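Student: As a plain string of letters, each chain reads:
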Amino acid sequence: MTDVPFHGAARSSVTRSVLIHAALIVASILMLYPLLWMLSGSFRPSEEIFGSSSLIPSSIDIGAYWRGWNGLQVSFGTFFWNSFVIAVLSTIGNVMACSLTAFAFARLNFRGRNVWFAIMLGTLMLPYHVTLIPQYILFLHLDWVNTWLPLVVPKFFAVDAFFIFLMVQFFRGIPRELDEAAMMDGCSPWRIYWKIMLPLSTPVLATAAIFSFLWTWEDFFGPLIYLNDIQTYTVQIGLRSFVDSTGSSDWSALFAMSVLSLIPIFLVFLFFQRLLIEGIATTGMKR
Amino acid sequence: MTSQTSSVGAAVPAGGRSAPAGRTRRAFGQTTAGYLFLAPWLIGFFGLTLGPALASLWLSFTNYDLLQSPTFIGTANYVRIATADPKFAAAMKVTFLYVILSVPLKLVFALLVAMAFNRGIRGLPLYRAIFYLPSLLGTSVAIAVLWRQLFAADGLVNAALANFGIIGPSWISNPNYSLYTLVVLSVWQFGSPMIIFLAGLRQIPTDMYEAASLDGASRTRQFFKITLPLLTPVIFFNFVIQTIDAFKAFTPAFIISEGTGGPINSTLFYTLYLYQEAFGFFRMGYASALAWILVIIIAIFTAFSFLSARYWVHYDD
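Just so you know, the protein sequences line up as chains L and R, in that order. Letter by letter, the first sequence follows residues 4 to 290 in our numbering. Letter by letter, the second sequence follows residues 7 to 323 in our numbering.
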């Protein structure tokens, strides 16, 4: 990313820039310190974590990772697999269903389009709490509790209106001449969607996919409600029961599993930072 | 991605209509195709959003424990919430305190850092990444676990304070402090409003500052007369989004208090209380009423924000 100096007066005072850098470096350290402390805590004995503010362990010990991994009757491997499957399926569902909907809103002329679009925007504002309980009752009756279905299936019905909105904005920016020309050549709406729109929209599809993945990975409330069988736990729920079962006895193991649970997020951050930041800057996502 | 120029403007939903091209080319206007593409969303809207929302509205006037069928009790749930529920009062107090403290602090930090960045300093991508990371890790359980440990009696914060000879309390288990640890957590995650501010600052034309400098306006004056007014749409947007988000906060309070909202209800966020009622006591009717009250609170807040915006948000033309 290039960052062009903004004000012409940037070189006006060296002291000023030194001061800003000093402040930012101190702030950066403060921001990262807790995370680094957790990372270092995962490599040291529990009793050394307490009452210590240093980052350097007296000795490096990866035993906590092994203890944590097998700390519950089901290993964290299962939790990671569950989280991964749920996150990937949710991402696929979101991208497919939301792009279909967005294409209809952005490109097709049908009766009632504006009304539906307004309703879709309205659902953006609706807190999930009002649909929570009846949805739970519905999934309970379908016998879906303790399966991944309540967490995954809704995504295939484009319930995350936010992503629809994001994609509509992007699709509208694609020149209409392209699909009108295709239309003249007798292309069906489906082919226009599949062959023209989607290939031209990879940035927004990627942004939606990344945020879907992260949000599902981090989701705690959904799995907390729907998954009670330890075999079906996600990482977040596994971590929570690990807190409950270890209490405060084995903090290094708890830190070790916490670190592992953040690694996928960190990797996404490392590889897709540009998309994440542009996604937030252009749409105002909250996280 | 597209140009940066459209950035923050696009954050506010732009009105529905698109180009009038459809008028010329009626072939595009296949209603069937439109509804076929819309089908998954329509099913989701009726089956998973509208239907359940209406159902919960109805449930909020009933007594329902999942086992026996719901019995209609009129407004009894709402009456009890309003008059005879000390836990509701506690949850409201905690939630409002959390919103009032965390949102402004978070936004001030976000704006300050964005301003520092806006001078086009070296290493901006690195700083920005560092400041953004905590916000991305967000509501992970791992972060809540870490927070619990940071503010424990023998945690990092007290270890750091000990270096200055201060003996800190057990922040998490002290009802006077526990909520503030969650406020600190929220402020720590100022990364995404910061990025939105940064995008907003970049849209302010440079020549305005140049003209102001020529006229001898000080930097402070430039901030109050140019930056702040021109940034009000972005401040407004961040404020609304962050406030709604703060009303909905759940995970950190749940982990820090082990689901209890304790000590002495000091971290009983509204959503946590709702969760306890619904999935702890299976009082589904009562919890539905709580959910609708939350919706009403958020709606009133949003309406007031938009009404007040007329008086303080600066829009071009």
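Derived from the structure by calculation, the hints contain no laboratory data. All figures in this text were calculated on a predicted structure; none of them were measured in a lab. You may find that some hints are simply not true.
As the list claims (entries may be wrong) - Calculated Cβ distances over 10 angstroms to all of chain L for the following chain R residues:
#1 ILE49
#2 THR81
#3 MET98
#4 LEU111
#5 TRP153
#6 ARG154
#7 TRP194
#8 LEU234
Unchecked claim - When the alpha-carbon atoms are kept at most 25 angstroms apart in a straight line, the in silico SDA-like pairs for lysine to any residue are as follows:
#9 R:LYS93 <-> L:LYS198
#10 R:LYS231 <-> L:PRO130
#11 L:LYS198 <-> R:GLN36
#12 R:LYS93 <-> R:TYR215
#13 R:LYS254 <-> L:HIS24
Cβ coordinates follow ideal geometry from the N, Cα and C atoms, glycine included.
Student: Hints first: check each against the structure and report whether it holds.
Tutor: Here's how the hints hold up against the structure:
1. ILE49: Contrary to the label, ILE49 (chain R) does not stay out of reach of chain L, its closest Cβ about 5 angstroms off (not over 10 angstroms).
2. THR81: The claim stands: THR81 (chain R) keeps its Cβ more than 10 angstroms from every Cβ of chain L (closest is about 17 angstroms).
3. MET98: With a cut-off of 10 angstroms, MET98 (chain R) remains clear of chain L, as the shortest Cβ separation is near 15 angstroms.
4. LEU111: LEU111 (chain R) clear of chain L: closest Cβ-Cβ about 14 angstroms, beyond 10 angstroms.
5. TRP153: With a cut-off of 10 angstroms, TRP153 (chain R) comes too close to chain L, as the shortest Cβ separation is near 8 angstroms.
6. ARG154: Contrary to the label, ARG154 (chain R) does not stay out of reach of chain L, its closest Cβ about 8 angstroms off (not over 10 angstroms).
7. TRP194: Its Cβ does come within 10 angstroms of chain L, the nearest being 7 angstroms, so this is violated.
8. LEU234: Consistent with the label, LEU234 (chain R) stays out of reach of chain L, its closest Cβ about 17 angstroms off (over 10 angstroms).
9. R:LYS93 <-> L:LYS198: Answer violated: LYS93 (chain R) to LYS198 (chain L) is near 56 angstroms, above 25 angstroms.
10. R:LYS231 <-> L:PRO130: violated, 37 angstroms
11. L:LYS198 <-> R:GLN36: holds, 19 angstroms
12. R:LYS93 <-> R:TYR215: Violated, because 52 angstroms separates the two Cα atoms, which is more than 25 angstroms.
13. R:LYS254 <-> L:HIS24: violated, 35 angstroms
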